[in-house]
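Asks: Starting from the known structure of chain A, arrange chain B with the ligand on it as the hints suggest.
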Amino acid sequence: MGTQEHLQRRRFLRLVTGVPVLGAALSFLSPLLRLLKPNDRPFEVFYNPTRRDIPLGEVTVAASLREVARPWDFKYFVFTQKYPQYTPTGLRQASVPAVVLRLPQKIRLPWDWAGQIGKPQLVGRESDIIIFSRICPHLGCIFNFVPNWQEVTAGYGGYVPPPPRRHALIACPCHLSIFDPADPQQPGRVLSGPAPRPPRTFLYEIRGEQIVATDVEPGGIA
Amino acid sequence: MAIADWIRERKAHLDLFDETKTQYQYNPLYLLGPMLYYFYLLTVVSGVILMLWYEPTTSGAYDSIVRISREIGRVTVGGVVVPLGSLVRGIHKYAADAVFLCFILRIYRMYFAGEYKRPGELSWMLFFLGLVLTMISGVTGYLLIWNQRSFWAAKTILTVPVYLDELTAWIPRVGEQLKFGSMIAYIFLGGSAIGQATITRFYAIHFGISIVLLLLIEVYVYRTRRARLKMSWFPMLLLFLMVLFVAWALPAEMGRRADPNRTPLPILSDWYFLALYQYVKYTPPLWAGLGPGLLIGVGMLVPFLDRSKSRHPLDRPLFLVLGLLALAYFLGFTALIMWNIAQIEREPPIVLLATVLIMGGGFLWHLRRRWQEARAVAAPPPAAVRTRQEERA
Ligand code: FES
Numbered sequence: 001m002g003t004q005e006h007l008q009r010r011r012f013l014r015l016v017t018g019v020p021v022l023g024a025a026l027s028f029l030s031p032l033l034r035l036l037k038p039n040d041r042p043f044e045v046f047y048n049p050t051r052r053d054i055p056l057g058e059v060t061v062a063a064s065l066r067e068v069a070r071p072w073d074f075k076y077f078v079f080t081q082k083y084p085q086y087t088p089t090g091l092r093q094a095s096v097p098a099v100v101l102r103l104p105q106k107i108r109l110p111w112d113w114a115g116q117i118g119k120p121q122l123v124g125r126e127s128d129i130i131i132f133s134r135i136c137p138h139l140g141c142i143f144n145f146v147p148n149w150q151e152v153t154a155g156y157g158g159y160v161p162p163p164p165r166r167h168a169l170i171a172c173p174c175h176l177s178i179f180d181p182a183d184p185q186q187p188g189r190v191l192s193g194p195a196p197r198p199p200r201t202f203l204y205e206i207r208g209e210q211i212v213a214t215d216v217e218p219g220g221i222a
Numbered sequence: 001m002a003i004a005d006w007i008r009e010r011k012a013h014l015d016l017f018d019e020t021k022t023q024y025q026y027n028p029l030y031l032l033g034p035m036l037y038y039f040y041l042l043t044v045v046s047g048v049i050l051m052l053w054y055e056p057t058t059s060g061a062y063d064s065i066v067r068i069s070r071e072i073g074r075v076t077v078g079g080v081v082v083p084l085g086s087l088v089r090g091i092h093k094y095a096a097d098a099v100f101l102c103f104i105l106r107i108y109r110m111y112f113a114g115e116y117k118r119p120g121e122l123s124w125m126l127f128f129l130g131l132v133l134t135m136i137s138g139v140t141g142y143l144l145i146w147n148q149r150s151f152w153a154a155k156t157i158l159t160v161p162v163y164l165d166e167l168t169a170w171i172p173r174v175g176e177q178l179k180f181g182s183m184i185a186y187i188f189l190g191g192s193a194i195g196q197a198t199i200t201r202f203y204a205i206h207f208g209i210s211i212v213l214l215l216l217i218e219v220y221v222y223r224t225r226r227a228r229l230k231m232s233w234f235p236m237l238l239l240f241l242m243v244l245f246v247a248w249a250l251p252a253e254m255g256r257r258a259d260p261n262r263t264p265l266p267i268l269s270d271w272y273f274l275a276l277y278q279y280v281k282y283t284p285p286l287w288a289g290l291g292p293g294l295l296i297g298v299g300m301l302v303p304f305l306d307r308s309k310s311r312h313p314l315d316r317p318l319f320l321v322l323g324l325l326a327l328a329y330f331l332g333f334t335a336l337i338m339w340n341i342a343q344i345e346r347e348p349p350i351v352l353l354a355t356v357l358i359m360g361g362g363f364l365w366h367l368r369r370r371w372q373e374a375r376a377v378a379a380p381p382p383a384a385v386r387t388r389q390e391e392r393a
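So the sequence lines, in the order shown, correspond to chains A and B. Using this note's numbering, the first residue of the first sequence is number 1, and each one after it goes up by one. Using this note's numbering, the first residue of the second sequence is number 1, and each one after it goes up by one.
Honestly, the hints are just simulated from the structure, not real lab data. Each hint should be verified, as a subset may be incorrect.
Stated by the list, open to error - Here are the in silico distance ranges between beta carbons for each label pair:
#	chain 1	residue 1	chain 2	residue 2	range
1	B	Thr168	A	Phe28	22 to 28 Å
2	A	Arg197	B	Leu331	29 to 35 Å
3	A	Val146	B	Pro284	20 to 26 Å
4	A	Arg197	B	Ala4	49 to 55 Å
Said to hold, decoys possible - Chain A regions said to be covered by chain B (calculated; three or more residues, Cβ under 8 Å):
#	segment
5	93-106
6	140-148
7	173-186
To be verified - Chain B is nowhere near these chain A residues, computed Cβ spacing over 10 Å in every case:
#	residue
8	Gln8
9	Arg14
10	Val68
11	Gly193
What you are looking at is a predicted structure, and each value in this text was computed from that prediction instead of being measured. Yeah, the Cβ is synthetic: ideal placement off N, Cα and C, and Gly gets one too.
Next up, chain A with everything else stripped away, as it sits in the complex (with noise of 0.2 Å):
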């Protein structure tokens, strides 16, 4: 009986210091995974690891009017993306290669996601310049505005379009993903290949002579 009652002592000693181990372990460990991932404050990194992901764009000139007057002409400019970050200056650059475009046709931006960075105004427009970003959305490579569709078919994994498609593309030189720019319903639709989606788009405003890049669709890695 008595090493009984030693037993149940030893092990409420046992919990008894456990808990403060544990503690300072864990204490240890959320400075540790903010070291691993800079972009983080201490604690937030257990419940919602990559909110202040979120980059700041850098409003850019894309490209002017007159580059782009004709249908299928193309520009292709660099965004600059800004993450929070310890380095020296707060601040990490990225950059986003991006295509300007001008469509045969008017069509519906696919600014849907517009609302969620706060400008809702924006839902709906319709024009037929469009700016996508390079950046595949498959796994990240830079893909290509191919003018010629023949070119696709030949070194982007053999896609042959169906006749309404056989205008420029977009092709994926890393896993060649195809998509169509100009497609009505869903511009950027994802003809061939292993993308799930469309490539993102940027908002953009039109200054006088020139198209201004403002913010592009969060998501994915650059």
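Replies: Then chain B with the ligand, alone, in the frame of chain A:
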């Protein structure tokens, strides 16, 4: 404790460098263990020499490797220019390739010869783990060159974990916040894109894995007093000269400097990842991560899945078929991506159908074999129907 007993028994029979397979001494297939260790040492030593000149920065990495290959250690011996730096780099690369080759061959030998059966389970699992770690070391080392190929290989591989977020995304409210797939990617990248932090981390991981493995092996060898290099000096010299010759004849290539704004076409990776690249073309992105993960998981568990008694491959047809299928896909996918003749419209259904048919066939064959065995046990065995294992004994 059952588990402790299990581990104790397997530990006593661990056979990491073919030390206990004395009856096969003259079969080169059973020299793979010591060869593996030898090439590993060559890689580590040449790697440490490379560290003297390598500069792990986004701006300096490529140039420092160009310098290693072209300028450093150029000595003239009797009129012949010997590019020592380039040779060391070549030895590092080709010895590492040889480590992979030994690993793969050895794993296949263990698989087809049934060496993973009791008491070899732990040996098999350690070997499998070793292969996975070596692959991680391979990817991380690969980025350090900072050329186009390595940059895009690293970028695509590190985007794969992001899709693991889909696994939790269906949980209402919490799921959207719980982005642990993205977090894995961010931890390796050191941020949201490949940059200076990524190169520093990859450098550390690349170096860390090899040194930690080496330490563990040394501790193991020291405590068990086993052999590591059961080779005489002659094959060692021969193997070294072979690596040296390849490094001389085929200097490790440099490629173009990484350009984060342009993806090259076609994009290739190191040879042991090519098949995986082709696989990624065929599957939805979540499966690009889950597929190889499952393969590793099943591979680790093979000793527990294969319950047959005999070690002869024909006595366990399903596992024979699976092994051959894996080999065929590895070679087939590699060939497809190298010649860039993929037809990603047409091939995935064919591949899937072939897999299902072949695996189904293997399964039926397996069942039939089991049934035959059961019948042979039920009837007292006449001399002609002995199992193969008895024949060998
Ligand atoms: S990254 Fe573009 S298809 Fe895979």
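Asks: Check each numbered hint against the structure and report the violated ones by number, ascending.
Replies: Per hint list: single violation, 11.
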